[in-house]
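Peer 1: Chain by chain, the residues run as shown.
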Amino acid sequence: MKLTLLHLQAFVSDKQIIHNVSLTLQSGEIHAVMGPNGSGKSTLAYALMAHPSYRVKGKIILNNKEITKYSTEERAKRGIFMALQSPIAIPGVTVINLLRTSYQELHGSTSSPQVQNKRPIQNPLLSRRWKAAKITLSEFTDTLRDHAKALHIDESFLSRGINDGFSGGEKKKMEMLQALTLQPKFAIFDEIDTGLDVDALKTVAYGIESLKKKGVGILIITHYQRILKYLKPDYVHVLVDGKIVKSGKAVLAEKIESEGYDAYR
Amino acid sequence: MRIGKYTYGFRKPENYVFKSKKGLNNSVVDEISWRKNEPSWMREFRQKSLAIFQRKQLPTWGADLSVINFDDIFYYIKPTKGNVSSWSDLPAEIKDTYDRIGIPEAEKRFLAGVSAQYESEVVYKSIQDTLRKKGVIFLDMDSGLREYGEIVKQYFGTIIPPGDNKFASLNSAVWSGGSFVYVPAGVHVELPLQAYFRINAANMGQFERTLIIAEEGSYVHYVEGCLPAGEQVSTRDQWVNIESVQPKDMIIGDDGKLHKVRALMTRRYHGRMLTICPISPYNSFQITPEHPVLTIKRSNVGRRIRYGWLSEVSSVSLLKQEPTYIPADKLERGDFIVFPKTQPTMISSLSDNDCALLGFYLAEGSTYIHKTLKQPVVSFSCGETEKKFIGDIYRLTEWKSGKKPMLIHDRSKHAVEVRVYSNSLREFVLKHCGKGAATKILSSEVMSLSGRKLELFLDSYWRGDGNVLKRVGSTLMRASTASERLAQQLQKLLSHIGVYASIQVRKAGKDTIEGRRIYRKTQYIVVYTPNKKWTKVRDAGNYFLVPIERIDTRPFDGPVFNLDVEACQSYLVRGFAVHNCTAPIYSTDSLHAAVVEIIVKPRARVRYTTIQNWSTNVFNLVTKRARVEEEGIMEWVDGNLGSKITMKYPSVYLMGRKARGEVLSIAYAGKNQHQDAGGKAIHIAPETSSQIISKSISHGGGRTSYRGLVQVYPNAKNVKSKVVCDALILDEKSRSDTYPTMKIDNKDVQIEHEATVSKIGDEQLFYLESRGLSKSLAQSMIVNGFIEPIVKELPLEYAVEMNRLIELQMEGSVG
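Chains as they are written, first to last, in the numbering used here: chain A, 1 to 265; chain B, 1 to 815.
Warning: the hint list may mix true and false statements.
Cβ-to-Cβ under 8 Å is the rule here; a few derived chain B residues that face chain A [to be verified]:
#1 G761
#2 Q764
#3 S770
#4 R771
#5 M781
#6 I782
Don't read these hints as lab results, they were simulated from the structure. Glycine included, C-beta positions come from ideal geometry on N, C-alpha and C.
This is chain A alone, in the form it adopts within the complex:
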């Protein structure tokens, strides 16, 4: 599988942030997009996820199918996942409830018409819905617990409101947990490394590595190359002023670390 951006441009109101970005992400590859502040890195991520504040021109193609016009929900259902830089809190919506519902929406409803078009609030514990997602509730819960354990997330977090009162590091790990649990085909990580201590950084890098092993195509958007110490990207792209000015192998990241971005402006 591959995800292709073709001459992608993104605008906030009338201001153009992304100019003509093209790249192709294959399953099982890690691409890192690096760039200085204000270069449009986050915009690129949001544009890929169809955030309503961004207007997009050009094409986004998933496996020969153009998805440029697809909504956020539709893109998610086709296997694109985005870990947000600073995810918002939703009190009362517990992590476990969100993940159950989300898993069912992503893996159950499209394949099985009998669970579609039903009342908006589904009881995520209903076995009928799990059947459609081809997994049982207890299997799902076990997997979730295993992932949480591997990421050093205390189980008590699972029954708290998502991101409600979480620290910066906890939020990032929670995004990672979602990426692992929801089994996307392509995952975008927007500044997943900022604000993490070394241990958390290793944990997150481990998470990305295990996604890669499962064949997930990964796009890491970052300012520093800190996380790249623990991960070897297949490709590195340098984004400056909304354009990819240079692409290369992992060594490019080290070069940027020593020389800074100025050489590419």
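Following the hints, complete the assembly by docking chain B onto the known chain A.
Peer 2: Structure of chain B alone, referenced to chain A:
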């Protein structure tokens, strides 16, 4: 097409022993007191209260109440002659009303007691022996006054004196009904005591009065609720069981078109259940006696009556008559009920040949994967003599699959099998007809066939499964199938070409065919006569008028279901049109002004839960107050969903050391609603503590206000109080305000106040959508998450109801 008119609002016919005149004066109050045979102190109390009411001004704060016309209200209605002691003694229509609001007959067996307020008076009560043995009194207020006058006199009006506010004085003057609860010292009532209230007459005021006394060390949970509260119904292509219908499903209404289901209501029903059997025994349906059915009465169109038969019917006047909704109870044998022809909902892309082939498959075909060859097989079995039949099937399968079919002649069975190995054909027939004799089912594309294609399909089906009985001047078409759903679908398809087919059921059992003993599955036989000269069924264009053959009655105890359908207010039960049951609809506003007084003695604990869902023309102005003595605990859980205007601030007066009070309040305001709610905590004694948590949601132009008071008296040291009020606003049109008041006259206190107002933010929506949730699912999740802290405090059935109600109200808020 318009069938009938919406004349049934489910207001029961009013049948009262006594109804006071509209408006209020001394003589009305005297008359109420006299009718109730009250002691003189109560009459004087009422008169004094009336004087205060007349003097008092409406509150100048809060919602606008100036529109209430106090002279246009009935203040007292006495529904029956005195209280009755058992459920079966109740007049039928009062029982019906109770049934409709869901007084669960079976629940009563395990609930400690149920007391229900029908308009002004509690007419039914049941107290379990266990309660009585413990010395707990749970009565309606009128009986309480009669039987325990001394206790009532000691406490009545002491917590909320008539002068407290205009509506308290009004209630004190004209109160009627409500509950009287007395829990002796040390007694714990484990199960909640429940009461249901309902306004049934237009312009009716409801002024119930509740007094709860919890003696030292006792515990009681009192729940007050007004919760409005069903066979197979037609959806797009098939019938489904009514209980499996869910809000937002599409079902067919009396106009033959698809409509969205707004709600599925269920209630326990105990009473008579009618079975209406029209021509076509299979289409018999069960219905409760008050449920309206779209009907033309034979008596309206009948002519002469010969012998003992039903009257003859004039076709001209029958077809001119417009059917109307009539309660099932009023139906008689021979009346015509309406079977709307359903309209095809899409254009089918099937070709003529496709239709013919599918018809053959439906009748004689089967498909499977060949076990040894591992090849997909589609096969048709025909009698060896049916040469033309075999030829047609052969040609069509060859045409469709592009492969040469095999002809396998089994001489021992006198059968010829047409067989083709084709995956595309197998998928095609599976998609449109399914497989298995008892489980074949038609696709929505087949169900939307009409005209010539439909005739082709039916014709080839009939050639296979059917038989044709020709008599002089008449032909009888019969087809027999083991698939119940297929029989229903055929009946519906036939209605597309103007044929009302009858379905007969032949029950499963042992049978003998040509000497062989077999076990036969239940057969559904679809029968019609295409060229009838005269018929009992009339075709009225968009619907058939089908006479009732028989009506059976049997006792019933169990859940019944009912649907609330958008736009057309009706649905089809086994093909026949019946009406929604809905909450009473009044064009004029009603007033609900209750007073609840609670005395919590030392170390006692009382919890009082209310879920009000009045219709949106009720002014809900209730005064609730509890006095809490040393180490006592009072908890108010208050949910406000319905009503036009609610003003309600449950209060705790913390009179004794270490007393504790809690108020949990949820308010939901939709279009044209104003929920002005909150709580009050008055700390009079030291070391008292209180907590007020308020959650409000406004949408569609609705308005919520939090109004609260925390007051600490000079002597009340070491007081702790916490107020949290959170508001969620769902759209730009809606509004939320907070009016917190603090009067703190002591420095030694610990007061916390948190208030948040949030909108469902685009970022929250984006976050959930990026996890694959639809916008409406995301919104529902956010709202449910928001009220979760309070919902978890509700008894389970109320928590479920609360979520369901909020979800219902949320509909249409997306966008």
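Peer 1: All hints, please: hold or fail.
Peer 2: Outcome of the hint check:
Annotation: G761 of chain B was flagged as interfacial toward chain A, and the flag holds, the nearest CB pair being 7 Å apart, inside 8 Å. With 8 Å as the threshold, the beta carbon of Q764 of chain B comes within range of chain A, its nearest partner Cβ sitting at about 5 Å, so the hint holds. Checking S770 of chain B against chain A by beta carbon gives a least distance of about 5 Å; that is within 8 Å, so the hint holds. Checking R771 of chain B against chain A by beta carbon gives a least distance of about 4 Å; that is within 8 Å, so the hint holds.
Hint status for M781 of chain B: holds, given a least beta-carbon distance of 5 Å to chain A, under 8 Å. Hint on I782 of chain B holds. Least Cβ distance to chain A is approximately 6 Å, under the 8 Å limit.
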